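Turn these sequences into a full structure, and let the hints steer you where they fit.
There are 2 protein chains.
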Amino acid sequence: MTLTYFLLFLAASAAAAATGIIFKPGEWYVGLKKPDFTPPNWVFPVAWTYLYVSVAYAAARIAPEAGSQIALALFAVQIALNTLWTPVFFGAHRLWLGLLVLICLWVAVAAMMLAFLQLDMLAGLLVFPYLVWLTLAGALNFRVWRDNPRAGAQT
Amino acid sequence: MTLTYFLLFLAASAAAAATGIIFKPGEWYVGLKKPDFTPPNWVFPVAWTYLYVSVAYAAARIAPEAGSQIALALFAVQIALNTLWTPVFFGAHRLWLGLLVLICLWVAVAAMMLAFLQLDMLAGLLVFPYLVWLTLAGALNFRVWRDNPRAGAQT
Chain H
2 MTLTYFLLFL
12 AASAAAAATG
22 IIFKPGEWYV
32 GLKKPDFTPP
42 NWVFPVAWTY
52 LYVSVAYAAA
62 RIAPEAGSQI
72 ALALFAVQIA
82 LNTLWTPVFF
92 GAHRLWLGLL
102 VLICLWVAVA
112 AMMLAFLQLD
122 MLAGLLVFPY
132 LVWLTLAGAL
142 NFRVWRDNPR
152 AGAQT
Chain R
2 MTLTYFLLFL
12 AASAAAAATG
22 IIFKPGEWYV
32 GLKKPDFTPP
42 NWVFPVAWTY
52 LYVSVAYAAA
62 RIAPEAGSQI
72 ALALFAVQIA
82 LNTLWTPVFF
92 GAHRLWLGLL
102 VLICLWVAVA
112 AMMLAFLQLD
122 MLAGLLVFPY
132 LVWLTLAGAL
142 NFRVWRDNPR
152 AGAQT
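Sequence order for the protein chains is H and R.
End of the first sequence sits at 156 in the working numbering; the numbers just go up one at a time, nothing left out.
End of the second sequence sits at 156 in the working numbering; the numbers just go up one at a time, nothing left out.
If you're looking for bench data, these hints aren't it; they were derived computationally from the structure.
Each hint should be verified, as a subset may be incorrect.
No copy is singled out in the list; a pair is fine if it fits within one copy or between any two copies.
[As the list claims (entries may be wrong)] 25 Å max Cα-Cα, derived SDA-like pairs, lysine to any residue:
| # | residue 1 | residue 2 |
| --- | --- | --- |
| 1 | Lys35 | Thr50 |
| 2 | Lys34 | Trp134 |
| 3 | Lys35 | Trp107 |
| 4 | Lys25 | His94 |
| 5 | Lys25 | Ile104 |
| 6 | Lys25 | Ala93 |
Remember, it's a predicted structure, so these values are computed and weren't measured experimentally.
What follows is the structure in structure tokens.
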């Protein structure tokens with residue numbers, strides 16, 4: 002049964018991951034002024050692949066536990082927000098709105114991590130790198146918004 | 002506790018709904034050849050608002066039940082795919098890929114309806130209009146793809 006859960010959470014994550022293939026950074030992103038801490042481009046797909054798989058595994062660990070429903074509801078919230086961010090930022094070039102989505106996503110993932118921790122220590126710990134990565138992504142999104150006043154759709 | 006669930010599922014649905022505000026149909030959609038059964042534009046936000054709220058309520062009904070985890074995992078899959086469709090179709094103009102996303106979404110929602118039905122009859126029935134709407138949306142997406150060979154990104 003845990004394999005069924007893993008495949009379902011992986012399917013949800015694949016929908017989120019697909020946005021990164023459909024809405025590529027492209028010339029627009031290359032031309033942006035970016036902060037010193039911006040990771041090289043190759044880091045993004047590697048980091049996201051690791052995070053999607055490890056969080057799907059973490060969710061599959063806690064899903065069969067009694068009382069996992071709030072944790073699973075939080076998984077649904079974060080995967081929908083995760084799917085939303087890439088089209089908003091790379092598709093619509095809405096830098097400020099992207100930052101707002103990331104802040105909501107960060108809160109949802111932090112709540113999910115706490116819910117996972119209460120059910121299974123390892124599952125909760127597996128979510129921690131996701132939260133760290135979102136913190137970096139949020140800082141990057143903020144600086145891109147602040148430092149490129151004419152690059153986005155201004156909202 | 003059911004209110005907490007309802008608000009969480011509504012938050013996930015809000016992320017999906019936001020795509021409809023960010024990626025509006027616009028001139029491109031107006032210029033497409035559309036089938037006779039295309040609903041007038043005002044129907045779409047009304048139908049989606051009803052569907053998002055009623056499915057969030059249905060999910061909140063089944064969430065506290067023992068053994069609801071598979072149903073909740075399926076909720077996560079469908080809300081991620083739902084969030085993906087609008088940017089693919091209205092953002093990237095990928096008509097065929099949009100149809101593929103809709104087919105996956107239809108399968109996920111059908112499975113979710115069956116899972117809900119086993120837990121709570123009313124919750125399952127509340128998902129049925131969503132499946133009917135997706136069937137219509139799939140037929141519309143198919144016809145737009147078939148009848149507008151030069152309108153999309155051709156994938």
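- Item | Intra- versus inter-copy proximity for His94 and Lys25 (alpha-carbon distance at most 25 Å) | Answer is both: 12 Å inside a copy and 14 Å across each meet the 25 Å cutoff.
- Message: Cα distance capped at 25 Å. Does Lys35 pair with Trp107 within a copy, between copies, both, or neither?
- Response: For Lys35 and Trp107, only the intra-copy Cα distance (21 Å) is at most 25 Å; the inter-copy one is 40 Å.
- Status of Thr50 relative to Lys35 across identical chains (alpha carbons, at most 25 Å): Answer is within; shortest intra-copy Cα gap is 23 Å, inter-copy 38 Å.
- Task: Classify it for me, Lys25 with Ile104: is the Cα-Cα distance of at most 25 Å met within a copy, between copies, both or neither?
- Result: both (22 Å within a copy, 24 Å between copies)
- Message: With identical chains, the pair Lys25 and Ala93 could be close in the same copy or across copies; at 25 Å between alpha carbons, which is it: within, between, both, or neither?
- Response: So Lys25 and Ala93 pass the 25 Å test inside a copy (12 Å) and across (11 Å) alike.
- Between copies, within a copy, both or neither: which fits Lys34 and Trp134 at Cα up to 25 Å? Within one copy, since 20 Å is at most 25 Å while 44 Å is not.
The structure agrees with every numbered hint stated previously.
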